[in-house]
Amino acid sequence: MSKNGNGGNGNGKNNGPLRVVGKPFRKVDARQKCTGQTKFADDIVLPRMLHCKMLRSHEPHAVIKNIDVSKALAVPGVHAVITGRDLPIPYGILPVSQDEHPLCVDRVRFIGDPVAAVAAVDEDTAFDAMNLIEVEYERLQTITSIEEGVMISEPRIHEYGDHGNVHKNVSLEFGDLDEGFAEADLIREDVLFYEGNTHLPMEQHAALAHFDPDGKLTLWSSTQTPHYVHRALAKTLGLPASHIRVIATPNGGGFGGKSDPFNHEIVVSKLSMMTGRPVKIALTREEVFYCHRGRHPVLMKVRTGVKKDGAITAMDFQSFLDGGAYGSYGVASTFYTGALQTVTYKVPRYKFRGARVFTNKPPCGPKRGHGTPQPRFALEVHLDKIAEELRLDPAEIRLNHLAPPDSVTANYLRIGSMGLGKCIEKVVEGSDWKNKFSGWDRDNRKLAQGKGIGIACSSYICGAGLPIYWNSMPHSGVQLRLDRQGGVCVQCGSTDIGQGSDSILAYIVAEVLGIDPFDIRVVTADTDLTPVDLGSYSSRVTLMTGNAALQAAERARELLTIAVAEKLSVPIENLSFAERRVFDVENPETGVTFAEAVVLAESKFGTIGTVGSYTPPRSPGKFKGAGVGPSPAYSYSAAVAEVDVDAETGIVTVERVWIGHDIGRSINPVLVMGQVEGSVYMGLGEALMEEMTYRANRNVVHKFPSLLEYKSPTTLEMCDVVTYLVEDADPNGPFGAKEVGQGPLLPVPPAIANAVYDAVGVRIDEVPITPEKVLAALRDKAKGKEPRYGPKSVPDIDWPQPLKVLTPDEGGDGREMPRVAVHS
Amino acid sequence: MTERIKQKAHIEFRLNDETVEVAFAPHKTLLEVLREDLNLTGTKHGCELGECGTCTVLLDGRAVLSCLVLGLDAEARSVTTIEGMAEEGRLHPLQDTFADLGAAQCGYCTPGFLLVAKELLEANPAPTRDEIKDALAGNLCRCTGYIKIYEAVELAAARMRGEEALPAKEIIYGYE
Amino acid sequence: MMRLPKFSYRVPQEIRDAVRMMADSGPAGQFVAGGTDLYPNMKRRQQTPKTVISVTRLRELNQITGDGQKGLVIGAGVSLTDVCEHAVINRDYPFVAAAARTISTPILRNMGTIGGNLLLDTRCNYYDQNYEWRKGINFCMKKDGEICWVAPGSRKCWAVQSSDLVPLMVAIGARVRLASTLGERMVDAAGLYNDDGIDYLHKRPEELLVDIHLPPTNGWRATYKKLRRRGAFDFPVLGIAARVDLDESGVVRDAKLIMGGVAPAPMEVRDAQAALIGGPMDAERMERAAEVCYTKARPLDNTDFLMYWRKAMARPFVLRALEELKRQ
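Protein chains in written order, with our numbering: chain A, 169 to 992; chain B, 1287 to 1462; chain C, 1405 to 1732.
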């Protein structure tokens, strides 16, 4: 019998070899997806369904003086038209940023902000009616950049925030930085920029609401976070949460872009309540760009002190985030740009300052890697430059100064398993690094002209340690129901966005109960039928739902074990579950089928249902701001990129990426491989071509809200990928598993930037690394100027007094030090 | 304001090897007719402007974007959608290998990829990796990085040639 | 979902019916072949024809006849895939097949036609946008507005010639046959294009492009180089079509250098041609030709990439085109 019934540390140790975990099973929904039978949100049709279109602002910043919907209402086939007045209660994903309205009430803040919505018999009619709505605007000055956000305090885009248009301004200091810098042999400072980009899921967001005659609302939506949508609906619609059911349909790609509650979800719900008919909206691609919540553009300055051998003595990191028009996850994003610098290499003293500004653009939020690819890019390029100054091999400088496993960082993140060293060794060996990297000697290069190689590493959380709204309940719950026919149904609020989270539940339950994963019915992401899981974000699902599923399955197994042991008169500890049987390990022919075992248990205990839940361990950090960064475990990745740079054009071709990922343990290796390869793909796109850019001098329009002009790599741009999975089981992960959905993206952009430098000797200190930038830097180099393209400085800003925390090494307890009055 | 269309067009065509009749507003695209008038929602859409490949169907055996074909143009022709790929309950070898190798992650672009891959393998039973890349260059996928898709096409091609092919170990477990 | 506006659809079987239907429709009529250019524009409400006349059933538009000795006639309705795969084209005009293979994607080439590509609407980042987006800038002169946002002082529209085949057809001296109710006429490809983003064709709207006549391949060689971000989907942001005619000693008898993607019309760079004519294809002459093209290229900020870089790329792309011709 398992001893891992407590969930928190359940790592699924069972007697006998693993039969499901670690095996390349098909996903439980693979056949549906390959036959066109998966029902995405826009595939659902209800009788008498109306169609919704939302009128969006064509002004980037304006006061709404008047809205006249009379012509739209007069169109035959139109059933309702609503404006911001119909939905006055604000919402937002974070409790501290309740700054959105389903439809703008008196102010629009970016082109694309919705102001009115129509429900009509078909989409054509809704579209025609939408275009008859007349809105009178009074323009306001626009805020279009980080610099303007810092400099221009009036007009304020929002009436809340730290000051002016600075939404959030934070400063944290861990340990004595001056002492750290004084110990350094070399202090280096770099300024880098990471352009914003967007998720671009192939499925455009869609939602269908049905308010039934009994006063219950059901919403089907392509959301990654049905639980948070549920809360937002209850708040904005004034309905009891118990009367609302949110069903997250399979997401046709998410990547973080479907993690906020969205205005269109609330709007169709309201329209359904008003009309008594189902109401659907399917956004156009352009509207998906306006939903955004993608990667924040971040300007960064990093200053690091190192010893001659590359050991870091202190690091001072500043980030400036262009947040767009709303809060979204932005406060968390801001902290994330400063959180994970410390978990890869030992950073004994660390300071972070971050500022997020509001601008008149679609809101930024969490995209794959949430707030960490930008500082990771800065840190890894910066470290490459340090390695060059110290004449150290960039692979070795990393390998020699890894953060130790089972340790607490300067900023109070508890590292458990730590497989980065193995990842580096794998990619160094696999890429033949030693025979390709020229040791900073430009005159004796090992690779051909124009070819270059670069390395970078990274780490990512396996689930946020804290929920988005404060509570002490579990982050993930699983309910398991076993019936007398031998059927097993696992129910969980988690949402499959293509990563295979539904399958993970089945694999884990199947492993524990000794049945086939395809015997199991998986019911997920339905707030009426499934216990809460916080959602598919922060790479939390495998670890958290996996642990919850493990607990539920072990509890069920325990009930079955007792009943079967009694029936067979064998000791409990002798019973094993495998191949749909429960049997005596000493006399394997003595046993019952799994279905018989359920009958025995049901006869003995009544209906068999068990629950499992998971709450992450408490973080050692107790200071304000300690909520972002802690995680039950950290995944690690290392990547080597080999590139070809055409010096005449500046065009960079990434030929191959070798990537090692510390997965802890693969629940299903083929799905892990898919996540690694997909992450490399997305990192490649961000590194070379993807960007959300606006024409500030043309009314702040998005330059190209289309799939044609937002450049997503095709098969012809995708590089070869050589993947190594490093399995260093983490005690907090189910069967030792850690995340893989986001982490492997992180090392790709800096590895490419470092490889470009190796190839042609120019530093491109911002992504995307476009040919224009490479060519500009090459021309500067030819003229004897600094061979670099990138930002030169960061804006002047009044940082708040830093919140000071002694590091664990300094004897700190994770609490803020009392502020001491400074005498002049 | 646009005047209400009162007349629907009425056509007959071959759809997944069955003859169908359907009536629809004449300005509708094949994508809209399939999804809305024939309830075949396996054909997805990502832009409706010909910029992503998601809505691909086969028209007389050739891959086309259903978002840019009028429903009227299907008249008397043959259309294959994802729903028509499996024959008599048996998955097409491509569907099998896509499922086995996780080439369908979110699954949204998958119908388009499968149909283009089917068109490719019918013309070229042993495509090289570069030929596969060229053939699939008009379909965007954001999940997979395309690699599992190439591997699935290669594996299916081998099986369709009658080889008893299994995926290489590194496809599933990575390199050692 | 982006949907088409309402329109009436006609599918004539004969050219004479097609041109008559068009004449009857007046300015609200529009021919369509593959639909890959027109329908997205209609969905974005850039074009809103009341009558759309399909030319897909016109038999004459779907033929390829002739060869490199006699010259080749390609029906305007031939799909780009068929152009890419046609045996005679690959044998005698491989540069035409190669250029066609660079167009958009395999699926779009299955749909799009050579005629449609030659008549492709000019493109611009301020114009190829949804109605709602264009409203944000109060529209542009090409559709619904007054101003050219690319060059606000300009009285002319600067939308860009974005077809891959146009520069090549101009360079090799192709001719096209146009039909209308008034009869037929042959026009040099070079004479078909007008350097204005709105009024970009010297073709009356009611004229139907019937076929394209490629000249015999008696000795000259040609190529096309395309600049774009991705290997698929993307329109050219610079296209270099080059043709040279060498005598036995390798002296350039005649040369054509046509730049696409940098202006509303394909741009013939006469000074660059002059730099090549009368001498061998040596490095100095080729570099001089490339330099002239670079000087003449004046791309504006209305496509992918920064305009200065697109301009700078004229030099290496012309050089690469000429080097390839030299090697052929």
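If you are wondering where the hints come from, they were derived from the structure by calculation, not from laboratory data. Think of the CB as a built atom: it goes at the ideal place given N, C-alpha and C, for glycine as much as any other residue. Hints are not guaranteed to be accurate.
[Stated by the list, open to error] Straight-line C-alpha distance at most 30 Å; calculated DSBU-like pairs for lysine-lysine:
#	chain 1	residue 1	chain 2	residue 2
1	A	Lys602	A	Lys476
2	A	Lys476	A	Lys871
3	C	Lys1715	A	Lys239
4	A	Lys191	B	Lys1455
[Unchecked claim] Quick look at which bits of chain C chain B covers, simulated, 3 or more residues with Cβ under 8 Å:
#	stretch
5	1439–1451
6	1504–1511
Q) Out of the numbered hints, which ones does the structure contradict? A) The structure conflicts with hints 2 and 3, although it agrees with all the remaining ones.
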